[in-house]
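Asks: From first to last, the protein sequence lines are chains H and Z.
The opening residue of the first sequence carries number 1 in my numbering; numbering runs sequentially from there.
The opening residue of the second sequence carries number 1 in my numbering; numbering runs sequentially from there.
Because the hints were derived from the structure by calculation, they are not lab data.
On a predicted model such as this, the values are computed, not experimentally measured, just so you know.
Note that CB positions come from ideal geometry on N, CA and C, so glycine has one too.
Any given hint could turn out to be false.
[Claimed, not checked] When the alpha-carbon atoms are kept at most 20 Å apart in a straight line, the in silico SDA-like pairs for lysine to any residue are as follows:
#	chain 1	residue 1	chain 2	residue 2
1	H	K291	H	G255
2	H	K390	Z	L60
3	H	K439	Z	L60
4	Z	K205	H	D314
5	H	K311	Z	N195
6	H	K445	Z	L60
7	Z	K95	H	G255
8	H	K390	Z	K95
9	Z	K131	H	D314
10	Z	K95	H	R444
11	Z	K131	H	R357
12	Z	K131	H	R387
13	H	K437	Z	E119
14	Z	K120	H	A47
15	Z	K95	H	S367
[Claimed, not checked] Using C-beta positions, here's what the derived DEER-type ranges look like:
#	chain 1	residue 1	chain 2	residue 2	range
16	H	G257	Z	K9	56 to 66 Å
17	H	M73	Z	P107	51 to 61 Å
18	Z	P176	H	T266	46 to 56 Å
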Amino acid sequence: MQQRYVSIWFRYLATDWFSLRQPQLKSLPFILRGPDHNRMIVKASNAIAERAGIFKGTVLADARIAVSNLEVMDDRPDIYERLLKRLAEWCIRFTPSAAIDLPDGLLLDASGCTHLWGGDEAYISDISGRLKQRGYDVRISIADTIGAAWAIARYRKGPMCIPPGHGTAALLDLPPQALRIEPDVIDRLRKLGLKKISSFINLPRPSLRRRFGVDFIQQLDKATGQQIERLQPVIPRELYQERLPCLEPIVSATGIGIALDQLLNTLCERLRLEQKGLRKAIFKYYRVDGKVGSIDVGTNRPSRHASHLRKLFDSKLDRIEPDMGIELFVLEAPVVEDAIPEQDVLWNTSSGLNDIRLAELIDKLSSRIGQDSIRRYLPAEHHWPERSVKATLSLEADLVSSWLPGELRPFHMLRTPERIDVSAPIPDYPPMLFVYKGKVHEIRKADGPERIEQEWWQQKGEHRDYYRVEDQEGHRYWLFRLGHYNDKHFQWYLHGFFA
Amino acid sequence: MQREVTGNKSHIILALRADILRLEGFRTAHGNSEPHVSDPIQQAFPGAVFPSGVTHEFVLSSIENFSTTGAFITTIISSWLNTQGAIVWIGAEQKLLPSALEPFGVPPDRFLFVRVANEKDLLWVTEEALKCPAVGAVVSEVKDMSFTASRRLQLAVEESRTTGFIIRPDRLKLPPTACVSRWRVSQLPSESIDNLPGIGFPIWKVELLRVRNGQPGVWNVQWADQQFNYPQAPDTKDYQPAKAG
């Protein structure tokens, strides 16, 4: 089949977008500014400003002098990719495969689509008509290759619809910029007097490659169709959404419950067929008086278990205020992940942390007491006791390093060490006795010291000398001295209790 | 239930006792029904097996005893409960240092720690965790527990076969609970190894204050090399077991 590609060029994408939001800008010279090497330059200008001689790259101060009533706004370079993606998704009505072409264009694969509109002319005029209606100034061309369509949309003066087989001929009159090549290559071509594609397209290829590089040859081949170029089509996001309109407004809790059950069942069935599970679900209700409310739940693991999700919603259902009645319920799953079903019948022999029921328990608990309250701990490679473990939420996270031998660490560690008074004989000997909470503990046995240095890349401070001690009653403590014995500021602390 | 009446009535009584125990919710650990004849503490329980699928209560008389009690519970989980499931530890704050759990036989990453400040929520979390069959054991540090609350927890485990350990502060007069047993674990001076200086293996004084259908007692236990040793018989002359509530 004959390949046909459409290139859409938004001539004033940025300024059109701002004008759509502030219609008064349409009739004014209007530019967007942005920083460049410590000065403000024009990042985009609209048609009126361009007629006054202000183009992209003009210094802002010069532009203000040239046009007195210039409207200036800050550029937002982060939005254009998203905007183009939205426009590409909108273009899926014209072709199944639409791609974005940064910074300011779209590419459509129109092969086999145009006859539905009655030919290439009608096809592109329909697209450009609709986009102009939306407020975008566009130039649209159709040709046999992506490269040719791109070049014609931007540089050709004349008809934009190139019949099949005439693509290369239409390129001949265009300047070399139309080939999407590097600026320094363009400069070199201009210095050699090669101002049109026709003046170098028939030159011997080895010498072209030697002078202008492989990229140049490739771009030329892409435009003429000797090298195939592929699109990266946008894939529209599938919405996981179920709707339930009601004949009569719903006011009772039972009715809301039934609606939720129905929506959950249909959504979970769909997720089951697609082998997916939801991580977040939003239950929205539209009231008769026009108000919209919602409740949401999150899960620890992708889930498509309707009764489990129902239990999670249960605790929040009383927040719904039906007032005059609810006429529409919508259940959305904004976060959906792949969930391969486990063979729970065959492999249910050992139920460790990978048990789905455990994940459901965590969901249930976190819906009431908050997700931050539930933690698992994994070893962290730090000697400083407060940093020796790291908390994780995930049940899947596996050990990356092994646990340190734990005999030397107390079972019960105080979050902040508590100051104690100590009698110690000589440096580096364990203390003889210490006073903790008004009680004197005589030390009978002791191990240590174990010196733990500060991790200087994390924080500054004194080292700690830890001692494990046992008092007259057999209680075992973890004490440390902060700093050297001969320092003025050393202090003893109690940091934990051994089993 | 029809039983053949034979000459020896003691057989019938033994069988009936076993039936009553089963009806009372005593079941042995999964796949671990062999009586531990060698283990003196297990001898105190009916059938000489530590009962799983029930709730046990531990009382704390001082702040130092928390680590001992926690470590003793961990050793019970590792050596007497034959479970692969997760262990849920519920408390108002994070007291435990997870890396210290390993010497007591359970990998610390099998634990899930839940911190709940509100006492009402804490009991609710405990009950929900006990209801979950995927949970191997639940350890819960409560401030206080009424008889009704303990009854609810006991009912939750009868369904799921999870074992619950409730840690609560000691009081002069503890209310009765529906837990199967009540323990107090405290520290004793460690024994030096070959008269070397320093601290030896931990020794604990384990008091079984109350046990349903069993024999209360007191033992000195040493945890060394992943197993219990019984260094010496404690002095039980002046020991008065608490009244069964």
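Asks: Does each hint hold? Answer for all of them.
Replies: A quick look at each hint next to the structure:
no., hint, result
1, K291/H x G255/H, "holds, 18 Å"
2, K390/H x L60/Z, "violated, 28 Å"
3, K439/H x L60/Z, "holds, 18 Å"
4, K205/Z x D314/H, "violated, 47 Å"
5, K311/H x N195/Z, "violated, 60 Å"
6, K445/H x L60/Z, "violated, 24 Å"
7, K95/Z x G255/H, "violated, 46 Å"
8, K390/H x K95/Z, "holds, 15 Å"
9, K131/Z x D314/H, "holds, 18 Å"
10, K95/Z x R444/H, "violated, 26 Å"
11, K131/Z x R357/H, "holds, 11 Å"
12, K131/Z x R387/H, "violated, 34 Å"
13, K437/H x E119/Z, "violated, 26 Å"
14, K120/Z x A47/H, "violated, 68 Å"
15, K95/Z x S367/H, "violated, 24 Å"
16, G257/H x K9/Z: 56 to 66 Å, "holds, 58 Å"
17, M73/H x P107/Z: 51 to 61 Å, "holds, 59 Å"
18, P176/Z x T266/H: 46 to 56 Å, "holds, 51 Å"
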